[in-house]
Structures are given as C-alpha cells and as structure tokens.
Amino acid sequence: MRLVGDSNPNFSGRAHFFGAAAEAMRRILIEKARRKRAQRHGGNQQRVDLEDIELAGPGDDDQLLAVNEALDKLAAIHAVQAEVVKLRCFVGLTNVEAAQALGLSERTAKYYWTHARAWLIREINPARPAG
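Sequential numbering from 1 applies to the sequence shown in the numbering used here.
Careful: at least some of the hints might be erroneous.
[To be verified] Distance condition first, Cα-Cα at most 25 Å in a straight line; then the derived BS3-like pairs of lysine-lysine: (1) K73 x K36; (2) K110 x K73; (3) K32 x K73.
Calculated directly from the structure, the hints in this document are not laboratory data.
Can you build the whole structure from these sequences, using the hints too?
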C-alpha cells in the first residue's frame, strides 16, 4: 500500500519498479527507527527499576538512521551508486539483479556496490578505515 497508494501505478520498467520499492522500504524502515528513537528519548515515559533492565549500546535504529543520512549524501554526488545500495539493502537484490534492474553491466554494479559501501563506511565512521 505504501508503494502504490490508492492509485493504479504505471511503472516504466523493472528499474522504475525496483527503485520505487527500494525507496518505499527505506522510508518505512526510517520512519520506524525514528519513532522508536523518539520513544527512547522522552516519548511514553515510564518509571523503571534499573535492576530490571539490560543496558546496551546504540541499537540497529541508530545505525539505520546513520546509513540513511549517509545514503542521502551519496545520492547527491553518485545517484546511480546510491540506487545500487538501495536495491541491495532495502529490496535484497544481488549485484546481478541490481545490474539488470538498472540496466548496468554486472561488473559496473559490483564496482558501484564496492565503492558505495566503502564510501558509506567512511562517512558513518570517519575514524575507522574502510578496508
């Protein structure tokens, strides 16, 4: 429903469909992470005995939000590489499937995936080497 809404969608091809699906999944996950983060930082406050809870570091939501922000920056400078990342991460396509969906060669899709991953890692963790 989030992908097509109430209208009858007209996708111009596989690339358009998978791009829309990846963006819809990304938005759904980001909204969920933001809602959970808002609850952790003041929403629905309740008194809790500290002995009854487990302490943990930043969760997957924080990581997802960091990836989302970095992915927006990547899209501004390398739009096709960002699309490869969206298809791989949010739709679950392989390099071969992403290449077919975007009309790229397998080699190009693999290069874009490798480059984008390294770029995202450096963007999210600047002090950590990408290798």
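Do the hints match the structure? See the list:
{"no.": "1", "hint": "K73 x K36", "in the structure": "23 Å, holds"}
{"no.": "2", "hint": "K110 x K73", "in the structure": "20 Å, holds"}
{"no.": "3", "hint": "K32 x K73", "in the structure": "21 Å, holds"}
In this structure, every one of the numbered hints holds.
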